[in-house]
Amino acid sequence: MVTLNNITKTYNKGALKAVDNVSFTVEKGELFGLIGPDGAGKSSIFRMLTTLLLPDGGTATVDGHDIVKDYKQIRSSVGYMPGRFSLYQDLSIEENLHFFATVFNTTVEENYHLIEDIYVQIAPFKKRRAGKLSGGMKQKLALCCALIHKPTVLFLDEPTTGVDPVSRKEFWEMLKRLKQQGITILVSTPYMDEASLCDRIALMQNGRVLSIDTPQGIIAGYPSSLYAVKATDMPRLIHVLPTYEPPFNSYIFGEYIHIDMRVMDDQPPIENLTHFLTNAGFEDIEVVSITPTIEDCFIKMLTK
Amino acid sequence: MKQFITFVKKEFYHVLRDRRTLLILFGMPVAQILIFGFALTNEVKNAKIVVVDHAKDEASRHITERIAASQYFDIQEGLMDRDRMEAAFKEGQIKLAIVFPRNFRNDLLHQNHAQIQVVADASDPNNATTLTNYVSSIIQDYQMGLNENATLPYQIVPQIRMLYNPQLKGAPNFVPGVMALVLMLVSVMMTAISIVKEKETGTMEILLVSPFKPVWVILSKAVPYLFLSLINVLSILLMSVFVLQLPVMGSWLLLFAESTLFIITCLTLGIFISIKTQSQQVAMLISLMGMLLPTMMFSGFMFPIENMPVPLQIISNIVPAKWFYIIVKSIMIKGVGFEGIWKETLILCGITLFFFVVSLRSFKIRLE
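Quick note, the sequences are listed as chains A and B, same order. Note that numbering that gives the first Met the number 0 numbers the first sequence so that position 16 is 15, with each residue one more than the last. Note that numbering that gives the first Met the number 0 numbers the second sequence so that position 350 is 349, with each residue one more than the last.
If we strip away everything but chain B, and leave its shape as in the complex, we get:
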């Protein structure tokens, strides 16, 4: 046991002294969360818009203030007439324009009906739809406020509510995906490389000519990466809760237990690769091509599995990340308990056991 602890300590030295790798290990999840969370969402923030106010009355000012207060829009000053507005659209300076007609408030108060023109740059249709939706919801909000104090309703406002994701946030889908990706990368590739490194540098030769059991060499390699991966899980979850404001609906404990299971699955995969390869480059290539690529393609994180041809759907079943993705999505977003994910858990256990047994069997106690 003392041997094992010393060995694990040595592994920690290896990891902690390799500054560059360490930076990648801990920087990668942060960078991925930030990239997916802010750069690659269908959410629109700080879109440049103009308000062309022909009314200049209390009502138009109120609506403009509300729009200005929203983080989605950035109102550009100085573009007040129609010609300049059109020019700005053409040059791509603005994405949306709101035009208040003359007598806006009068129409609203006396005829109980008023119009606002919302012009959007539809060259990016997704963006345009999102932006007009934002604007109309702000206007509806204002109308509701008016109606509260009125005896006669000004307009019937439809009630819209979106389940799970009221602001159409992109985050819920990618956080589990990033988790699967990062864990795959850290656990599979790093473990595989670190074991093959011992073969490559010749230290495995010395370790074999010692009373220390070869299997323990392998197992003690896995321990530090289990810890590192758990830290990554924690940092991804903390970022998603505090930076992306995406709460974990289900149990944290269950989420961590399932993550630990998936990490162990990845570690056995890494060990398996390391046993079958002789150089760090080969180990890295196999980990990248054989593990990361399928994780991206078949986990359902980037491309929906339901839309794939049947053969690919069948292949996706042997990708461990697919099951982990389902598990995390269920716990984090839907708040499902263990009773809802026991099947996926069982499949992950099966894959882990399979690779563990195969690795143990193919482990060589000699150089050949």
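Pulled out of the complex, with its shape left as it was, chain A reads as follows:
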């Protein structure tokens, strides 16, 4: 449905490489996630696929149309929700929706079934101006507007950034329902915890794709073992852990410190670590073996 072949994008006359030789394919009906921090090149990829920017190298197609030559066909068939809220703040919910429906040559009634689930949540405020809505409601309205013409592919650029956790959860449930309607969805997010909600994800950093797989596949591919450590006096623990032999990588993760180490057969790591920390004078030591999250995988890829 969406194919990228060695897509490259530079800014400032080549001085800044935003997207570096990226290739991937998104299947029809898939919920595909671009995961990465700010500046990873996610928005640039979205803008190239929605024909707003021209790539400096490589080719890409959306629904079989070339993003350079057939930009007109792409523009009338895809739905796009930019990173920041881009609806008319001085128009009401209703007016925004009708406006975008008309611009796309359709009516709200014709595709109401697509947005019904989402729209009923904001319908009680339909006379309210978009500028006066909360972050979550704005995103729901923006999604309605991007969906109203029954797009074949939906591009959502960081739809949950700046939205409260409850609304974020709701938003992902909506995406799942849309997927069931057969709409291909490309979504980008800087939140690693949202990655596991996608069918497949591409982890991105500095314009490059680090890995593309299902979330489970990426976790299964974690090359070493991961442990979570907790004890009294965590600030001192951070400084003591790097003195362990053989050295390993450790980082704070919530209330734990995650330790990534290669396990040798003759060294039971949990016992060794507990012993090491007891000697160092820590109490209430807790060391457990854990399954890595996508974030752990991402950190692992960055430190490689």
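Rather than coming from a laboratory, the hints here were simulated on the basis of the structure. Some hints could be false.
Here are the computed lysine to any residue pairs in the SDA-like style, where the Cα-Cα straight-line distance is at most 25 Å [as the list claims (entries may be wrong)]:
id, chain 1, residue 1, chain 2, residue 2
1, B, LYS1, A, ASN20
2, A, LYS299, A, ASN20
3, A, LYS68, B, PHE362
Not close to chain A: a few residues of chain B, all C-beta gaps over 12 Å, as computed [unchecked claim]:
id, residue
4, HIS61
5, LYS89
6, LEU260
7, LEU292
To spell it out: a stretch of chain B is covered by chain A in this simulated footprint if at least three of its residues, at any positions, have a beta carbon under 8 Å from a beta carbon of chain A; those stretches are [stated by the list, open to error]:
id, stretch
8, 4-17
9, 198-211
Each residue gets a CB set at the ideal place from its N, CA and C atoms; glycine is no exception.
Start from chain A and add chain B according to the hints.
Same frame as chain A, but now just chain B:
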């Protein structure tokens, strides 16, 4: 077509919901007409004067009554002798004094010749000249009235008539100027800002990723401002006719047609600015500095172009407002028909076409 209408409707919502801008849009022409019409004229109204009447007879009373009835003067009571009069002049309490000599009527009737002293505060020479002119015309008027019933003329009265502007009104020159200024401001600046706003808020991004042609986005932005500007033209003309008592000598239809042409010129300029700029501030600055300033300086409305050095005279030719100013002045004040202004009309059409083509060519269908 339905898309276009919806788009225009949306633009009207934008304009009508922005109360502050709306107030400026419609308040500005009214305020400018009132300011130029009443505050900044060389006409003098309600000037404080005194009448020192040593004659106290029928003739002096008649003349005083006529002066009192005129809207130009406001006769101050209680200042009757010369010393107090001089003090009042020094303190600026009065601008003019009229002194009737003793035996004024007797002199006039029996010697057929009488004198009135008119003393004016000439520290403001323009004011003084205007005021003395008013007074002498009132006196002459009275003399004419006397002569009608007399067998022997009392004095030969010179006949004075001023063409176009008998009362030396300031209005005829500034109404076309204000029109050019207001239309420039509304059409150029507002259009430029409203298009750049779509870029700034990111809505342009969504509009580009839609089947709606980008050129139509631009055109539908221009429609509401065409309407608003026409309303402004109407309100300026109505004010000039009913408040300033300045009639339109030529055809209203022609005046509106030419105004529409000038508005379209301004809209294409605004569109051009919006295409070349990325932020509302820049668009506003360029509109103000690049459009309004030349309009004030080079349209001939504030400074006569004939008095400028030749290079500036040449520059003035590319200022659209100059041509519009000539057109409106010709229609409104001289009552000229299309045959007298076709050249200026053609020049405006040329400027419009130029910016329209340049805008279309430089319009970007992508973000870069």
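Checked hints:
| no. | hint | result |
| --- | --- | --- |
| 1 | B/LYS1 <-> A/ASN20 | violated (42 Å) |
| 2 | A/LYS299 <-> A/ASN20 | holds (22 Å) |
| 3 | A/LYS68 <-> B/PHE362 | holds (18 Å) |
| 4 | HIS61 | holds (65 Å) |
| 5 | LYS89 | holds (60 Å) |
| 6 | LEU260 | holds (31 Å) |
| 7 | LEU292 | holds (31 Å) |
| 8 | 4-17 | holds (count 7) |
| 9 | 198-211 | holds (count 11) |
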